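> Given the sequences, and given the hints that come with them, work out the whole structure.
Residue-level listing of the chains:
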Amino acid sequence: MTKSKLLPRYEFEGLYQYAKLWNMPRWYVALENLFVFSGLFILICMLIGVFLAVLLDQKIRAEGPLRTIYLYPMALSFVVTGTAWKWILNPGLGIEKVIRDLGFQSFEFNWLVDPDMAIYAIVIAGVWQSSGFVMAMFLAGLRSIDQEIIKAAYMDGVSLPRIYWGIIIPSMRPVFFSTFVVLGHLAIKSFDLIIVLTRGGPGYATDMPATFMYAMAFQRGRIGLSAASATIMLMTVMAVIVPYLYSELRTKDDG
Amino acid sequence: MAEARFTVVGDTSRRLSVGRWLLFAILGLFALYYLMPLYVMVSTSLKSLDDIRTGGLLTLPTDITFAPWIKAWDSACVGIQCDGLKGYFWNSVRLVIPAVLISTLIGALNGYVLTKWKFPGANLVFALLLFGCFIPFQVVLMPMARMLGLLGLAGTIPGLILVHVVYGIGFTTLFFRNYYITIPDELVKAATIDGAGFFAIFWRIILPLSAPIIVVTVIWQFTQIWNDFLFGVSFSAGGGQPITVALNNIVNSSTGVKEYNLDMASAIIAGLPTLFIYVVAGRYFIRGLTAGSVKG
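Chains L and A are the protein sequences, given in the same order.
Counting along the first sequence from 1, when you hit position 97 you're at 97 in our numbering, and nothing is skipped either side.
Counting along the second sequence from 1, when you hit position 119 you're at 374 in our numbering, and nothing is skipped either side.
Derived by calculation from the structure, the hints in this document are not laboratory data.
Every value quoted in this text rests on a predicted model; they were computed, and no experiment measured them.
Treat the hints with caution; some may be incorrect.
[To be verified] One-sided excerpt, in silico: chain A residues whose CB lies under 8 Å from chain L:
1) Phe389
2) Leu485
3) Asn503
In this text, a Cβ means the ideal position worked out from N, Cα and C, and glycines have one as well.
Written out as C-alpha cells, the structure is:
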C-alpha cells in the first residue's frame, strides 16, 4: 500500500495500488486463468484419483507396482514435469507429429502456443503430476473404512457400484475436504509449471496471480502492484485455509 | 465403475471374469499414461538431434548416444556460462543437506515442546505454524528479500538455506507434533521424577523413539527443497543457483538450435535424486504426503 516502484518507499498511499491493479486487463486474465485452471485441475485430479483408488481397491495383485507408477510424478519437480510436457505438447515434434505420422495429416494439437488453449495444456501437465496424490489419499481412506459395513451391505444384495456410491464415498467427506484443500493450495501456488511451460505466454494468455506477481516484482519493477496482488492471493488462500484449520483444530479439542 | 460389478468383496477364488480383465486393462492404460512422459524423456535424451527430427516422439532411438547427458552435465550453456549442470547440481546438494538437517532438528524440538511441555497458547502457536504451511510463498517473497538484504545474505547459498529452513519449520513441526502426541506422557513424567532435564529427555528418550518420523520428515524436506523453484529463482544469483533454476534457464534459452535431447537429459539429471529417493523409500514418501493433511 505504499508508492513503491523500484525501491520500497514507505509512505502510506491508501488503496491506490489496489485500484490500479483492478484496472489492469492483465490482472483479470490472471484471475480468470486461476479459476479455469484450479477448477479443472481440482475436478480432473479428483475424478481420476478417486476412480483409480476404487479400482486399485479391488484386491489387485499388482497393486504395489501400479501404485508406485501412479504416484511417481509427485516426486518430480514441476520444472522437470514442465520440461517433459513442453516437449510432448510441442506442436512441431510432439503428439501432433505422432498422430500426423499415423496418417491424419490435418490433425492439430497446438494448445501450447494457442492463446485460447494454452491454459488447458497446463492443466494436462498439472493433472499428470498431482492425480496420483489424490489416488494415494483416497486409497488410504478406503483402507480405513470398516469392512463389516461393506460386507453387510453386500450380503443384503446391494451391488458394488452402489456400495461405493452410496456408502463408501459419502463416508470419506473428510478425505475429500483435505484433498481439496491441498489441491486448491497447489493450484494457487502453481508457478514453476507455468514459467517452464509457457512463461505466462503466449503474450500473457496463461498468466496467473503467481506469475503476475513475480513479473511485476522482478521484471517490471512495480513492487507496489506486485505487493497488492500478493496480498490478494494471501486473502484468497486464507479464505480456504482458515475454516479448514479451524475445523481441524476444533474437532481435535473435542476428542 | 461398472467393471467392478463382477468382483466380490473378499473373494478368494480370484475368478478372471470379463470385468476383471477390463479392470486390469484400465489400470494398465493409466499406468501407460503416467509412464509415457518418463519414457519420452529417457528415449529422447538418448537420441541424436537428427534422430529426433526424423523419428517420432515415441520411437526408440536408432543409435543410443550418451552425448546429450555428458553435455548436460559438463558443458551445456546456462545463460552465458557453458559449464553444464554440475556446478548447479552441487549447489543444490550444498543447499539441501544443511537446510534439511536444521529444519528437521527444529521441527523435532518444536514438536517435543508442543506435546510434552505444553504452555499456555501452545495450540495457537501450532495453528499459526500450520497456517505457515499453507501461505502462498509468493506473498513472502518481498519481505523475505528485504530481510535477506538486511542480513547481508541476499543472493547467497546461506541465505537460501535460511529461507528454506524458515518455511520448512511449519511442516516439520506438524510431522513431529502428530507423532509425539502418540508417545505416552508418563514416559516424560517418569524421567522428570528421575531428575532428567529438558534436553536430557529429548536426547535420551524422545529422539531414539523418533526414527520413523525422522525418515518421513527428511524425505519430505529433501523433496521439497530439491524441487523448489520459486525461492531459488528469487533469492539466488549467477553461479549460486540451484539446479531447478539452471534447468529452466537451459530449457527456456532462446539462442541457437533447440537441443531437445539436451533438455531431456538435463531434466532427468535434475529429477534423478528425488526419483531415486522415491523408488528406495516410497513408503515413507507417501506417508509424508498424506500426513500433511490428515488429522493428528
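> Quick check on Asn503/A please, does its C-beta sit within 8 Å of some C-beta on chain L?
Because about 6 Å separates Asn503/A from the closest Cβ in chain L, which is inside the 8 Å limit, the hint holds.
> The hint names Phe389/A as touching chain L; please verify it with the least Cβ-Cβ distance against 8 Å.
At about 5 Å, which falls below the 8 Å cut-off, the nearest Cβ of chain L leaves the hint on Phe389/A intact, so it holds.
> Is the interface hint satisfied for Leu485/A? The criterion is a beta-carbon contact with chain L at less than 8 Å.
5 Å, holds
In the structure shown, no violation is registered for any of the earlier numbered hints.
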